[in-house]
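Protein chains in written order, with our numbering: chain A, 1 to 349; chain B, 350 to 639; chain C, 640 to 871.
By construction, these hints were calculated from the structure, which means they are not laboratory data.
Ideal placement from N, C-alpha and C gives every residue a C-beta, glycine not left out.
Among these hints, one or two may not hold up.
[Unchecked claim] Quick look at which bits of chain A chain B covers, simulated, 3 or more residues with Cβ under 8 Å:
1. 169–181
2. 318–324
[To be verified] For the chain C half of the interface with chain A, some residues (derived, Cβ under 10 Å), not all of them:
3. W712
4. K715
5. P729
6. L731
7. D735
8. L744
9. G785
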Amino acid sequence: MASIASTPAATGPRLADSGLVATLARPALWLWVVVVVAGLFVPAVLTSSFYLGMLINGVTLGIAAIGIGFLMYQCGLVMFGVAAFIGLPAYLLGIGSMHLGLGVTVSVLFALVGSAAFAAVVGALAVRARPLPFAMLTLALAQMLKSTATLQGMRPLTGGDDGLTMTFSGTFFGFTQSQLANGVTFWPLAWLALCGVLTVVWLAAHSRFGRVLRATQANEERMRFSGFDTYLPRLVAFVMASFIIAVSGVLIGLNSAFASPELLDFATGGRPLVAMLVGGASTIAGPLLGALLYTWGQDAFGATGHLELLTGIAVVVVIAAFPTGASGFVMQLARRVRAAAGRGGGAAR
Amino acid sequence: MDFAQIFSVAQFANALALASLLTILASGLALIFGLRDVMNFGHGAFYMLGAYLSYSVSQRVSFWAALVIVPVLMAALGALFELAVLRPLQRRSHMDVALVTFGLALIIGPVVHQLWGTAPLSVEPPAALSGSVLLLGTQYPVYRLFLIAVGFGTCLALAGWLKYTRSGMHTRAVSQQPHVARMMGVNTDRLSLLVVCLGIGFAGLAGVLAGPYLSVDPGMGSAILISCLIVVVVGGLGSIGGAIAAAFVYGFIQVIGTVLFPSIAVLAPYLLLFGVLLWRPQGFGRGRVA
Amino acid sequence: MLRVEDLSVSYGSVQALEGVTFEVAEKGRLHGIIGPNGAGKSTLMDAITGRRKPTRGRVLVDGEDITDRSIAWRRKRGMSRSFQRTSIFPGLTVRDQLELVASQLGEPDLDQIIDAFELREVVDEIADSIAYGDQRRVDIALAMIGRPQLMLLDEPAAGLSTTETIALFEHLTVLVRQRGVTALVVEHDVDAVFRFCDDITALDLGRLLVTGKPADVRSDPRVISAYLGTAA
Chain A
1 MASIASTPAA
11 TGPRLADSGL
21 VATLARPALW
31 LWVVVVVAGL
41 FVPAVLTSSF
51 YLGMLINGVT
61 LGIAAIGIGF
71 LMYQCGLVMF
81 GVAAFIGLPA
91 YLLGIGSMHL
101 GLGVTVSVLF
111 ALVGSAAFAA
121 VVGALAVRAR
131 PLPFAMLTLA
141 LAQMLKSTAT
151 LQGMRPLTGG
161 DDGLTMTFSG
171 TFFGFTQSQL
181 ANGVTFWPLA
191 WLALCGVLTV
201 VWLAAHSRFG
211 RVLRATQANE
221 ERMRFSGFDT
231 YLPRLVAFVM
241 ASFIIAVSGV
251 LIGLNSAFAS
261 PELLDFATGG
271 RPLVAMLVGG
281 ASTIAGPLLG
291 ALLYTWGQDA
301 FGATGHLELL
311 TGIAVVVVIA
321 AFPTGASGFV
331 MQLARRVRAA
341 AGRGGGAAR
Chain B
350 MDFAQIFSVA
360 QFANALALAS
370 LLTILASGLA
380 LIFGLRDVMN
390 FGHGAFYMLG
400 AYLSYSVSQR
410 VSFWAALVIV
420 PVLMAALGAL
430 FELAVLRPLQ
440 RRSHMDVALV
450 TFGLALIIGP
460 VVHQLWGTAP
470 LSVEPPAALS
480 GSVLLLGTQY
490 PVYRLFLIAV
500 GFGTCLALAG
510 WLKYTRSGMH
520 TRAVSQQPHV
530 ARMMGVNTDR
540 LSLLVVCLGI
550 GFAGLAGVLA
560 GPYLSVDPGM
570 GSAILISCLI
580 VVVVGGLGSI
590 GGAIAAAFVY
600 GFIQVIGTVL
610 FPSIAVLAPY
620 LLLFGVLLWR
630 PQGFGRGRVA
Chain C
640 MLRVEDLSVS
650 YGSVQALEGV
660 TFEVAEKGRL
670 HGIIGPNGAG
680 KSTLMDAITG
690 RRKPTRGRVL
700 VDGEDITDRS
710 IAWRRKRGMS
720 RSFQRTSIFP
730 GLTVRDQLEL
740 VASQLGEPDL
750 DQIIDAFELR
760 EVVDEIADSI
770 AYGDQRRVDI
780 ALAMIGRPQL
790 MLLDEPAAGL
800 STTETIALFE
810 HLTVLVRQRG
820 VTALVVEHDV
830 DAVFRFCDDI
840 TALDLGRLLV
850 TGKPADVRSD
860 PRVISAYLGT
870 AA
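Isolated chain A, as found in the complex (with noise of 0.2 Å):
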């Protein structure tokens, strides 16, 4: 039965060319690094900061995003809860900060590991279930951390409902906390977080790994009489899905210096779930475009009141009309055009 959440036929390249030596020699990797190293100057561009600003919002969406949409083409499995990934570091990152005495870098390495630790934990259970239950169970942890964080015995650590505000002490890869909190200087560490989390799930959806689990989504049963474990692999995916997301919740505690439960309550929480959706997860950078796409949203309609009614129909539509999202929509386009030029069709990915 087809299904949002399933992979199309597409199939990755083909073993042979997967080597390194042919990866380097591809034109596409150098176009790569021209993008990353022009995207630093955007700020340059880009001179007002309302719009910088939203950018910035829009890319740390997108990261998140992305880290859903992967486990979802890869696994078939959807994070409903989210939110708990992007507000666990968030909090993890102003315990550090706050009440271990810990300098800002640790103090993000701290989030970064504590949550992926976390998801490792959770994720032995968690990748166990079908599909539905474990959107059910992870919708329940992103609950079950927002009241853990706002019980009155935790106040002194998590600030409770008031959210934990943080104050850095050293500096994080030269940036102070004035520089973080100011979009100008805060750009090129959200752009390369960015980029770096695109080559990595570029890389893993190419691998080896990549393909078992897209195998495995198809079939488990037959992975496994072929002598694969269907476990693992699932596993390391949703760590690595967590650990993505948490990018996205440690970008977000820099910038604004403040943990929140907003962060973890699944309603707003849910926003990199409705980002993908929109965007569609069937390429690796449609969560971002759904994202920006959210963002820019946000900004046109959030005066009116009215964004979340139309988020809430975007995904209704989405999925009813739409299940390939804006970007499989636009590469099916492409395709038509492609093969109405006569060069035959291209893979989805």
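Let chain A serve as the given structure and place chains B and C on it in line with the hints.
Positioned in the frame of chain A, the structure of chains B and C alone reads:
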């Protein structure tokens, strides 16, 4: 620690009251899942809508009117839900439908905000149900007793419907063996409509009842959704009897636990959920509506 | 080589297999498993390959008790299986799925398998777009990868015409003789089984009727009476 206070009749009744509310809500969710094979992530939102509607109706007419009108209104909305959303998406995977219901929750929330604002509202219980009564030595709110009574009554009515009526029997049959039931001539389309209306109507009823008991605020949908999901999962998906039993367990854990170990009480339902899924990690096949 | 002892499997109150014991002593044999519907043939396959846990009994390969081993472990140790209902990877090309499994189990000569199963023409097609017969052969080819010593084929000729069935069994015979593979074949086409198999085990209602050479099994009165009324 005052044990008398913990294990008092009042606390016991509190647990029952919470459980009653959850029972009504979870039964609706279990029905829809058991028969339609749809996990309705918008159930909390429907509940919230019911609560807000009851606020307005109570203001203009009376609480009693709300008690009758709102569930009927919500049942009508349920019909719309079934015909406009669930039926067209019948062939899609569970995940897709679940995502759509999630999207519905995202729609209903803002609609409520627009129409009623974001400040919490309070709904007063009607005169006949306000105040307290002497219950085995302590003063206990009448309204909560009413809540327990309604919850109990709903369980009975539901059990009776499932066991003794044609449609109830068909519902049980279809939830176990949809194809066989259809071949036997059960009109699954009409049954689906009935069950979804019933399920959403229950959500509305729970919303009405919740008004005077909890506060009516924009976050109530999300908060109760998780509790509801946990209750339905722990009770065995689709099993109404199970959901009811689980609701009681949940109610007790929450109430007694909050007094004894506040921190643990918060986590307990989730641990319960994880535990159940650990024991049956393959996830759940369709439960029997029983 | 393969020994099944007192194997019993029950689903709730249904006893699908009851005390089945037989042995395939030599390698490089084609061993048929026949029986009317509901005889428990697929359940036997499931129990031997690890898909179902037996309620009683043991499965031994080369003297080693493997009853509690996982499916993946068995495959890596050389026990493979094909499926009655074609179980392949619909979204991958034929080549990609064969190569994927080959990357896990190691296969020195994938091209030989592709040619042996006549998949050369469709090797770069997406699996769910090729003909049913081709898909069946992909199913079996997947089980052939990695030089398994013991192959269990569950109705490999399901849905194939008589000509195709004969061709398939001829292929199997060649592979069995050439590679020294032991193959257990569950098959409804009794004629093909009697014609090509070295030994046959007959089941009925979850119990073993007889194990022996085709001629003996064919004339065994229990087998004849089990098939009375069934189109053989």
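The hints, checked one at a time:
A stretch counts as covered by a chain when three or more of its residues have a beta carbon under 8 Å from one of that chain; for the region 169–181 of chain A and chain B the count is 0, and the coverage is violated. Beta-carbon proximity to chain B at under 8 Å applies to 3 residues in the region 318–324 of chain A; the threshold of 3 is reached and the given coverage holds. Nearest Cβ of chain A to the Cβ of C:W712: about 8 Å, under the 10 Å cut. The hint holds. Interface restraint check for C:K715: the shortest CB-CB distance to chain A comes to about 4 Å, inside 10 Å, so the restraint holds.
The interface hint given for C:P729 holds, since its Cβ lies 7 Å from the closest Cβ of chain A, which is under the 10 Å cut-off. Evaluation of the C:L731 hint against chain A yields a held restraint, the C-beta minimum of about 6 Å falling below 10 Å. About 5 Å separates the beta-carbon of C:D735 from the nearest beta-carbon of chain A, less than 10 Å, and the hint is met. Interface hint at C:L744: satisfied, since its Cβ lies 5 Å from the closest Cβ of chain A, which is below the 10 Å cut-off.
Nearest Cβ of chain A to the Cβ of C:G785: about 7 Å, under the 10 Å cut. The hint holds.
Violated hints amount to a single one, hint 1; each of the other numbered hints is respected by the structure.
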